[in-house]
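Numbering (the numbering used here), first residue to last: 1 to 394.
Simulated from the structure, these hints should not be mistaken for lab results.
You may find that some hints are simply not true.
Here are the simulated DSS-like pairs of lysine-lysine, each with C-alpha atoms no more than 27 Å apart in a straight line [what the hints assert, rightly or not]:
1. K225 - K246
2. K181 - K96
3. K58 - K31
4. K189 - K114
5. K293 - K48
6. K279 - K48
7. K177 - K96
8. K31 - K256
9. K76 - K114
10. K246 - K279
11. K235 - K5
12. K225 - K96
13. K328 - K5
14. K335 - K325
15. K58 - K101
16. K177 - K189
17. K48 - K58
18. K5 - K307
19. K325 - K5
20. K31 - K279
21. K5 - K326
22. K235 - K256
23. K144 - K177
So the derived label-pair ranges between C-beta atoms look like this [stated by the list, open to error]:
24. E321 - L353: 33 to 41 Å
25. K326 - D252: 52 to 60 Å
26. R92 - S117: 36 to 44 Å
27. E317 - R282: 35 to 43 Å
28. D260 - T237: 47 to 55 Å
29. A299 - A13: 43 to 51 Å
The C-beta atom is built at its ideal place from N, Cα and C for all residues, glycine as well.
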Amino acid sequence: MDPRKRETEQLEAEIARAEQQIANECISVGKQISELDHTETRSAELNKYLHSVRTLRKSEDDFRNDISRIRDTVRKIQELETSIAENDRRSRQIAKEREAKYVELGAGAYTVFKNISDRDRYRPFFEEILKLDLEIERFEGDLKALEQEKKDKGILDKIRYKGREFVVRGSISKIEKQKMKAFADAGAKVADSEFGQRTAGELRLLFDFAAERKRAMDDLLQEAKRLREEIEGHKGTLKQYGIDGKPDGRCDELEKRIGDVRRELEVMYSWMGQLFIDKDLRNELAHSQLSAKYEIISAMRQNIARKRGQISRLKAELEIEELQKKEKQLRQRRKQLEEELKVKERQIAVVDLEIHAGQRRIDDLKRVITGEAPYTDAPPLPPTPDFYGGRGPT
Numbered sequence: 001m002d003p004r005k006r007e008t009e010q011l012e013a014e015i016a017r018a019e020q021q022i023a024n025e026c027i028s029v030g031k032q033i034s035e036l037d038h039t040e041t042r043s044a045e046l047n048k049y050l051h052s053v054r055t056l057r058k059s060e061d062d063f064r065n066d067i068s069r070i071r072d073t074v075r076k077i078q079e080l081e082t083s084i085a086e087n088d089r090r091s092r093q094i095a096k097e098r099e100a101k102y103v104e105l106g107a108g109a110y111t112v113f114k115n116i117s118d119r120d121r122y123r124p125f126f127e128e129i130l131k132l133d134l135e136i137e138r139f140e141g142d143l144k145a146l147e148q149e150k151k152d153k154g155i156l157d158k159i160r161y162k163g164r165e166f167v168v169r170g171s172i173s174k175i176e177k178q179k180m181k182a183f184a185d186a187g188a189k190v191a192d193s194e195f196g197q198r199t200a201g202e203l204r205l206l207f208d209f210a211a212e213r214k215r216a217m218d219d220l221l222q223e224a225k226r227l228r229e230e231i232e233g234h235k236g237t238l239k240q241y242g243i244d245g246k247p248d249g250r251c252d253e254l255e256k257r258i259g260d261v262r263r264e265l266e267v268m269y270s271w272m273g274q275l276f277i278d279k280d281l282r283n284e285l286a287h288s289q290l291s292a293k294y295e296i297i298s299a300m301r302q303n304i305a306r307k308r309g310q311i312s313r314l315k316a317e318l319e320i321e322e323l324q325k326k327e328k329q330l331r332q333r334r335k336q337l338e339e340e341l342k343v344k345e346r347q348i349a350v351v352d353l354e355i356h357a358g359q360r361r362i363d364d365l366k367r368v369i370t371g372e373a374p375y376t377d378a379p380p381l382p383p384t385p386d387f388y389g390g391r392g393p394t
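Construct the entire structure; sequences and hints are all you get.
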C-alpha cells in the first residue's frame, strides 16, 4: 500500500477519535451549563435548550417516581398477601385446636343434658347420641337375654351362644365408634350455643376455651377481610398506571422511556455545548471550567482542520498520480486504436478492389451470354497485402 494511503487512514482515524472526544466534551459542557445557577440568558437559542432540559428532567423524575410507586405498591400487596396466608394458616391451626375438644365437649355436655329438667330445648344437639344410646341399650338387653338363655344349655349350645354374643358385642362396639363421631358433632353444635352457661368446672373451661378460639378465628377473619380490602385499594392504584396483572411489563416500558429521555438529554447537552463553543458564550456564561473546555475544544478543532488539510493534500497527490497513470494508459490505447484504424482502412480498400473486379467480371460474362464475346477464365486476383507489416494482428 502507498505510504500516503496509510497516512491518510491514520489521520482519518485520529480525526474520528478527536471528533468523538469533542462530542463528549460538548455534552460535558452542556451538562455544566444546565447545572449553573441561572434563570435566563441573553441567548434565545440557549434558553430554548435549557427549557427543554428542564422539561426532560422533570419527565425522567416523573417516570422514576412512577416506577418507585408501582414497585412500592407491589411490595405492599405481596406483604399483605403474606399476612393473609399467615392468617389462614393460623386460623386453620386454631380450628384444629378447637375441633380437638369437640368429642370431650360433646360428651361432657351430653352428661349435663341428661341431668337437666328442660332438655327439650337442647335435644336437637344430642338427637343422634340419644338414638345411638337406645341402640346400645337394645343390644345390651339382647346380651342379657342371651346370658340368661345359655345358663341351662349344654356345652355345644353355650358355644353357639358365645358366637351370637360376639356378634352383638361387635355391633355395640361399632355403635360406640359412631357415638364418638356423634359426640364430636354435638360438641361442634353446642360449642357456639349458650349451653355452656349450664356447665361448671372443667367442662365450663372447655366451653370458655372453645369460645376464645372462636373469637380468635373471627378476629383473624375480620383482619383477612381488612387486608383484602387494602389489597384491592392498592390494585386500584396499579390500574391508574394501566396495570391489571403483572407490573413488570409496565416498569420495563417506563425504564425504556427513561432511556429515551436520557438520550434526548444527551442530544440537548451536546447542542448546548456546541452552541457555547460556536457562539463563544464565555462572556455570558463566565465560568473557569467552561472557559477551559472552550480552549480545549477549539484547539482540537484546529488540530482536526490541520489534519483535514493534510488529508486533502495527500488525496490530491494520489488522485493526480492516478489520473496521470490513467492518461498514459489511455494515450497508449488511442495509439493502438489509430493503428488498428489504418489497417481497417487498407482492408476496406482491398474489399473495394475485389468488389470492382467482381463487377467487371459480371459485365464480361453478360457479353458472353449475348454472344458478343467468347468465354474466358477470370484473371487471378492480386495477392492480399501484409496489413500489419509482418507483425500479425494484435
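For each hint, the structure was consulted:
no.: 1; hint: K225 - K246; in the structure: 23 Å, holds
no.: 2; hint: K181 - K96; in the structure: 15 Å, holds
no.: 3; hint: K58 - K31; in the structure: 15 Å, holds
no.: 4; hint: K189 - K114; in the structure: 17 Å, holds
no.: 5; hint: K293 - K48; in the structure: 22 Å, holds
no.: 6; hint: K279 - K48; in the structure: 15 Å, holds
no.: 7; hint: K177 - K96; in the structure: 20 Å, holds
no.: 8; hint: K31 - K256; in the structure: 22 Å, holds
no.: 9; hint: K76 - K114; in the structure: 55 Å, violated
no.: 10; hint: K246 - K279; in the structure: 51 Å, violated
no.: 11; hint: K235 - K5; in the structure: 67 Å, violated
no.: 12; hint: K225 - K96; in the structure: 21 Å, holds
no.: 13; hint: K328 - K5; in the structure: 22 Å, holds
no.: 14; hint: K335 - K325; in the structure: 16 Å, holds
no.: 15; hint: K58 - K101; in the structure: 64 Å, violated
no.: 16; hint: K177 - K189; in the structure: 19 Å, holds
no.: 17; hint: K48 - K58; in the structure: 16 Å, holds
no.: 18; hint: K5 - K307; in the structure: 14 Å, holds
no.: 19; hint: K325 - K5; in the structure: 17 Å, holds
no.: 20; hint: K31 - K279; in the structure: 17 Å, holds
no.: 21; hint: K5 - K326; in the structure: 18 Å, holds
no.: 22; hint: K235 - K256; in the structure: 23 Å, holds
no.: 23; hint: K144 - K177; in the structure: 22 Å, holds
no.: 24; hint: E321 - L353: 33 to 41 Å; in the structure: 49 Å, violated
no.: 25; hint: K326 - D252: 52 to 60 Å; in the structure: 59 Å, holds
no.: 26; hint: R92 - S117: 36 to 44 Å; in the structure: 40 Å, holds
no.: 27; hint: E317 - R282: 35 to 43 Å; in the structure: 40 Å, holds
no.: 28; hint: D260 - T237: 47 to 55 Å; in the structure: 25 Å, violated
no.: 29; hint: A299 - A13: 43 to 51 Å; in the structure: 19 Å, violated
Violated hints, in rising order: 9, 10, 11, 15, 24, 28, 29; the structure is consistent with all others.
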